[in-house]
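Visitor: Heads up: the protein sequence lines correspond to chains B and H, in order. So the first sequence is numbered by UniProt numbering: it starts at 1 and just counts up by one. So the second sequence is numbered by UniProt numbering: it starts at 1 and just counts up by one.
Calculated pairs, SDA-like style, for lysine to any residue (alpha carbon to alpha carbon, straight line, at most 25 angstroms): (1) B:K248 - B:V226; (2) B:K74 - B:V86; (3) B:K248 - H:F176; (4) B:K248 - H:L121; (5) B:K142 - H:S82.
Looking from chain H toward chain B, a few residues come up when the C-beta cut is under 7 angstroms (computed): (6) T77; (7) N79; (8) R81; (9) R106; (10) R109; (11) M115; (12) A123; (13) M124; (14) H125; (15) Y127; (16) A137; (17) T140; (18) Y172; (19) H174.
Rather than coming from a laboratory, the hints here were simulated on the basis of the structure. Since the model is a prediction, treat every value here as computed from it, not as a measurement. All C-beta atoms in this analysis are idealised placements derived from N, C-alpha and C, irrespective of residue type, glycine included.
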Amino acid sequence: MLVYLIRRLFNVVATLLVVSVVTFGIFFAVPKITGSDPALMYAGRETNETALAGIRVKMGFDKPISEQYLIFVKGIVAGRDYNTGVDSTHCPAPCFGYSFKTETPVWDLMLDRIPVTLSLALGAAVIWVIAGVATGVVSALKRRTAIDRTVMVGALAGVSLPIFFTGMVAPAVLVYGLGWLDVSNYRPLTEDPGAWLNSMILPWVTLAFLFAATYARITRATMLEVLGEDYIRTARAKGLTERVVIRKHALRSTLTPLVTMFGLDFGGLLGGAVLTETTFSFQGLGTAAVAAIGAGDLPVIMGITLLAALFVVMANLIVDMLYAVIDPRVRLT
Amino acid sequence: MTDNPSFVPEPAGPAPGSEPFLSVRDLQVHFPTDDGLVKSVDGLSFDLERGRTLGIVGESGSGKSVTSLAIMGLHRTGNARSRPHISGEVRLDGEDLIRADAEHVRKLRGRKMAMVFQDPLSAMHPYYTVGHQIIEAYRTHQDVDKKKARTRAIEMLDRVGIPEPAKRVDAYPHEFSGGMRQRAMIAMALVNNPELLIADEPTTALDVTVQAQILDLIRDLQKEFGSAVIMITHDLGVVAEMADDILVMYGGRCVERGSAEKVFYEPRHPYTWGLLGSMPRIDRDQTDRLIPVKGAPPSLINIPSGCAFNPRCPYADVPKGGITRTQRPELTLVDAAEGADRHWSACHMSQEERTRIWTEEIAPKL
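Only chain B is shown next, with the shape it has when bound in the complex (with noise of 0.2 angstroms):
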């Protein structure tokens, strides 16, 4: 078991590091070939030569690509200096570099949208997961009744419609059909929890409808599938209420597939809920890399994106690690 995990741990570095080489080649390699001046985007406007000049050395331009490579990972791990011979400026581990547009930290920015993408994902995911399973299941013990239809065409609707239609239909529900909530922009949570929680809301229904559709699909198809089994009806034999059979025979057999697919969803999401975000104004990790997209702010979109590949990667190690824990016939070798 801990071989397997520092040989998994291993594989994590491994993946990342790939990821690496290949948005620094595109982000930094490409400039190169097109011809735009990366020193060009830090100078602003108004400049001249001597100035980029100066740009190039700071920010290590003039280097051969491979020792810029090596210098930007070095500065994710340990730190690096910017030092144009005048003065030195040091960034400190994890340094991803600085913003073309702002001139902040690359980490500064992501620091400060994470706990916004946290918040959307870790609570949209407990509404979904719980939503999601509990209609599959119910669903699938009513298979061919109203209900099973009913919450069928509500899930076909949740997968159908697109984020940003929930998302303004949500609010006209919630808040100005019924005034449950109040319409509000994210506050922190250590600001003022009754605040975030309030502005958490509708992002969270709205996000967590998309997933629990499609959370309640797979549940009642694997619970359909898994109360077919042998030893369903080998527990029912035996005398099990249908309570017991249900729960503890069925429900654990039927979570399984769920964990993997959750695992590879929340991972996703923690990378940033764009059009979440974007519908409801949120300053998170989606709306950053999108914003950086558009400005050609090439380190921010390095940033976010090996930041979201390392949630995946997470992500999945945990996965795999869990599925040997419910799956005593998965042995990680």
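Since chain B is already given, all that's left is putting chain H on it; use the hints.
Guide: Okay, now just chain H, sitting in the frame of chain B:
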């Protein structure tokens, strides 16, 4: 039931006054489907006493397994929409299980009647240890603490011949071999000392070498506990080894029933002849070919209105004295003079004709 004959002969019963331990009368299990009503079991009757073994034989889809699930009340569990219509009587120890409260039948399941299934790998939950599953079966019906139940589970594993039971009790099903898994299944079925054990093709999924061991085990345990056993199989060899009585099913109905001796040595139904002819035997000359039963089992939606076996019967054209093809043959006594050793079959051919065909045409070739 519309096309069911009103006359169902009562099978051999015990002395008047005492009811047989298990008594099935005119059992019908019909599944409504989009294509029509599937009559999986259509009027089945038999009796079984404690300490006796009944072998139910037939092809796939003849209604063997459906019968066993109906006795166990397992057709009444799960989704209400997919449950079959069940009618008739299943009396266990004097109690009609078909009309009994579902919760009451649940309490009998696993305690008074238990079941062993065909494929022990898929029949055990992969996520729980063998011991856990046996303990669960025990504690569902007995008010004991976990420790006592665990001791009981180890005792049962030991009893069914699993080595190092105190260690293997914590193993998962996938860590057992096929034969060991079936032993564990049997331990689980017998943990509450059931009086009726239904074994649904218990050896079909196992190696030939293991099959005999499992059959021996079931037989030994039956002697020890004195329970009634229903052995469901398509393998006549298994039945020959195990059964006191044999019931041959075809198209959801009984076509021949009697003591194992009678059915094996004096069968009086063309389908039974077919089954015997298609059974490989070591003492038979290798140049003789097996004689398969031609054709396919009937669709249970459109069972032929007359004899269900008629389309496949090699003797369909034998004159039957005015009986038309749409008339259904009823179970009748082969020889009314026989006493306890009663033998029933359902065929339109006359007794004399069948005796002649068996002794002159079929038996010499087997």
